[in-house]
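Asker: Protein chains in written order, with this note's numbering: chain A, 1 to 199; chain B, 1 to 379.
Read the hints as simulated data drawn from the structure, not as lab findings. Since the structure is predicted, the reported quantities are computational estimates derived from the model, not experimental observations. Some hints here could point you the wrong way.
To be verified - Within a straight-line C-alpha distance of at most 27 Å, the following computed DSS-like cross-link-like pairs (lysine-lysine) qualify:
1. A:Lys15 / B:Lys97
2. B:Lys71 / A:Lys192
3. A:Lys192 / B:Lys117
4. A:Lys15 / B:Lys71
5. B:Lys182 / A:Lys192
6. A:Lys15 / A:Lys47
7. B:Lys336 / B:Lys209
8. B:Lys209 / B:Lys277
9. B:Lys170 / A:Lys160
10. B:Lys246 / A:Lys160
Said to hold, decoys possible - Here are a few chain B residues that face chain A, going by a calculated C-beta distance under 10 Å:
11. Glu167
12. Trp180
13. Asn194
Note that beta-carbon positions come from the ideal geometry of N, C-alpha and C, so glycine has one too.
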Amino acid sequence: MQSAELQHLIQLLAKLPGLGPRSGRRAALHLVKNKQTLMHSLMVSLKEVYDKLLSCSTCGNLDTSDPCGICTDPRRENSSICVIESVADLWALERTSSFKGKYHILGGVLSIQQGNTPDKLTIQTLVDRVAAEKPQEVILALSATPEGVTTTHYLVDALKSYPVTVTGIAHGVPIGGELDYLDDGTIYAALKERRPYSS
Amino acid sequence: MRPGVYSLTLQNFRSYESFSIEPMGENVIFFGENGAGKTNLLEALSLFAPGRGLRRARLADMLHHKGHAPKWQLDISLFNGHGLINLSTTGHISPQKERRTCESFGKSEKTLNALAKYTALGWITPQMDRLFFEGASVRRRFIDQLGTALFTGYADMLSQYDNLVEEWSKVRSGPFEPQWLKAIEVQVATLGLNLTEKRLQLSYLLNDKIGQRASNFPKAQILLQGESEQLISTYPQAQAEEMYLKTLAGTLAALDETSTPPIGPHKTNVLFHHVDKNIPANLCSTGEQKSLLLAIVLAFAELMKEYGTGVPVLLLDEAVAHLDTTRRTHLFEEIKDINVQTWLTGTEMLSFKEAQTMARFFHVLPGKAEEVEVKRGFL
Numbered sequence: 001m002q003s004a005e006l007q008h009l010i011q012l013l014a015k016l017p018g019l020g021p022r023s024g025r026r027a028a029l030h031l032v033k034n035k036q037t038l039m040h041s042l043m044v045s046l047k048e049v050y051d052k053l054l055s056c057s058t059c060g061n062l063d064t065s066d067p068c069g070i071c072t073d074p075r076r077e078n079s080s081i082c083v084i085e086s087v088a089d090l091w092a093l094e095r096t097s098s099f100k101g102k103y104h105i106l107g108g109v110l111s112i113q114q115g116n117t118p119d120k121l122t123i124q125t126l127v128d129r130v131a132a133e134k135p136q137e138v139i140l141a142l143s144a145t146p147e148g149v150t151t152t153h154y155l156v157d158a159l160k161s162y163p164v165t166v167t168g169i170a171h172g173v174p175i176g177g178e179l180d181y182l183d184d185g186t187i188y189a190a191l192k193e194r195r196p197y198s199s
Numbered sequence: 001m002r003p004g005v006y007s008l009t010l011q012n013f014r015s016y017e018s019f020s021i022e023p024m025g026e027n028v029i030f031f032g033e034n035g036a037g038k039t040n041l042l043e044a045l046s047l048f049a050p051g052r053g054l055r056r057a058r059l060a061d062m063l064h065h066k067g068h069a070p071k072w073q074l075d076i077s078l079f080n081g082h083g084l085i086n087l088s089t090t091g092h093i094s095p096q097k098e099r100r101t102c103e104s105f106g107k108s109e110k111t112l113n114a115l116a117k118y119t120a121l122g123w124i125t126p127q128m129d130r131l132f133f134e135g136a137s138v139r140r141r142f143i144d145q146l147g148t149a150l151f152t153g154y155a156d157m158l159s160q161y162d163n164l165v166e167e168w169s170k171v172r173s174g175p176f177e178p179q180w181l182k183a184i185e186v187q188v189a190t191l192g193l194n195l196t197e198k199r200l201q202l203s204y205l206l207n208d209k210i211g212q213r214a215s216n217f218p219k220a221q222i223l224l225q226g227e228s229e230q231l232i233s234t235y236p237q238a239q240a241e242e243m244y245l246k247t248l249a250g251t252l253a254a255l256d257e258t259s260t261p262p263i264g265p266h267k268t269n270v271l272f273h274h275v276d277k278n279i280p281a282n283l284c285s286t287g288e289q290k291s292l293l294l295a296i297v298l299a300f301a302e303l304m305k306e307y308g309t310g311v312p313v314l315l316l317d318e319a320v321a322h323l324d325t326t327r328r329t330h331l332f333e334e335i336k337d338i339n340v341q342t343w344l345t346g347t348e349m350l351s352f353k354e355a356q357t358m359a360r361f362f363h364v365l366p367g368k369a370e371e372v373e374v375k376r377g378f379l
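Please model the complete structure; the sequences and the hints are all you need to start from.
Answerer: Printed below as a string of structure tokens:
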């Protein structure tokens, strides 16, 4: 039998994404075994993040300052805003170092079944940003799911009265992918979004 | 070695507390009394396709009556011509909810649709004897079951379309801006036409295959009727999409709250025809209808072998019950010719007399099945 405190810790750990009761027990045991080296550092880190972390009121990114480091970075281009669903997507794009503009985190995609109505997402904030910051391009980098594509169409419509080019990231054959192994929908999207090669 | 199911294990499933069978890709015949648990074994196999299995039952109903744990588990080992594929599916039952998960090679898959990458299952059940009389949704489900087995991504397309139709209905009846509905409609139109095109492709392939096959069963023809089918066969893609959208938008005020979109693959009517007699299948005799259904499924088994990416397996539950000796012999000969692993059930061992050299026989008793050594000429 575990103590009530340990049991509580296991229950909390089990609620983390990717973990369950069994892995929660394993994680708790690992922390207990490494009390000084891991558990204490984790406690300090959790407290620090809890105390200092803020959501950027401009783009929705998580940082210790508001506006966040990306929004205030003078090296980032003001001419483009990349619209994404979550902070995880921002981290994924930043890992590639391929985008030098600013971000806008939507907070999800439109889905009435999941309660994501337009007012629950930061769509109006995006429209206000476009009106105020006057970027040249808004890149819509949302999931290639029906909900993601619906949101893309919705945003295109919402931004149509502003002098901004709205683009979307390409959907289709992944790098290293073989056509024979792809599903019909992906091949269809890839063919539809084909582009000319300049000679 | 032929592609097929090499082993199947059931735990806590229906009448089986723990059960295992190793047919090694050979055809399987289960015989036994009514209620012995023959269909349960075919149902277990059918759960390796996306969807709710051949009985479309609730997961809780599939739990063994002793129910030591609130879950049942099925494991399968398939040979695809190159190597073994290990799949498992588990039904988790709790008072709040029930859900089914699946794993391939010991790793969790995101959705059940992933099973379609590995398996291509076609089946006939006694309930399907009424297929030609049933409502349009049952006939569409039959076609979609075949599409799922044949085309990669079909199951995903189907669930995405169903999801979008639900979104459309809810957004349409809610207090939301019209541009949300408009954005959904663009998706409904694109996906609706893609799904319609896939179904049409399936019907062309099947009709061609049925026409070409040298079969002793009557030739059937499948016809798909609906507005989206009409658009696809009349206009180029872009124009069809535009007209689809117009139909969706045009009826906004006329529909009530529970309505589904006025056009789309959810409205398709699937019709079956007896080619030789030139009459609709629902006007045929009971025996003829069974034969037509067998003709479709046998042709489909050949298609699965030629076009499908998954391991083809055919499940025929009580399919020989109403067939005379000649028809039974034809059925077994054609199964042999098609060379797709087939699992059959029936109450009498003697009903399978003509199949004694082409299958392994198992006597199903409550909770178990014993293999019966059948020597040529024994039956």
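Asker: Taking the hints in turn, state whether each one holds.
Answerer: Status of each hint after checking the structure:
1. At most 27 Å may separate the alpha-carbon atoms for a hinted pair to count; A:Lys15 and B:Lys97 meet this at roughly 18 Å.
2. Distance hint between B:Lys71 and A:Lys192 is unfulfilled; the C-alpha atoms sit about 44 Å from each other, more than 27 Å.
3. In summary, the hint linking A:Lys192 to B:Lys117 is supported, as the alpha carbons are separated by about 24 Å, within the 27 Å threshold.
4. Simply put, A:Lys15 and B:Lys71 have alpha-carbon atoms about 21 Å apart, close enough for the 27 Å limit, and the pair holds.
5. Among the hinted pairs, B:Lys182 with A:Lys192 is consistent with the structure: their alpha-carbon atoms are about 21 Å apart, no more than 27 Å.
6. Of the pairs offered as hints, the one joining A:Lys15 and A:Lys47 holds, with about 19 Å between alpha carbons and a cut-off of 27 Å not exceeded.
7. Distance hint between B:Lys336 and B:Lys209 is fulfilled; the C-alpha atoms sit about 17 Å from each other, no more than 27 Å.
8. With a CA separation close to 19 Å, the supplied pair B:Lys209 and B:Lys277 stays within the 27 Å bound.
9. At most 27 Å may separate the alpha-carbon atoms for a hinted pair to count; B:Lys170 and A:Lys160 meet this at roughly 25 Å.
10. Distance check on the hinted pair: B:Lys246 and A:Lys160 sit about 21 Å apart at the alpha-carbon level, within 27 Å; holds.
11. Interface restraint check: B:Glu167 against chain A, minimum CB-CB distance 6 Å, threshold 10 Å, status holds.
12. Checking B:Trp180 against chain A by beta carbon gives a least distance of about 6 Å; that is within 10 Å, so the hint holds.
13. Given hint, B:Asn194 at the interface with chain A, holds; its Cβ is 7 Å from that chain's nearest Cβ, closer than 10 Å.
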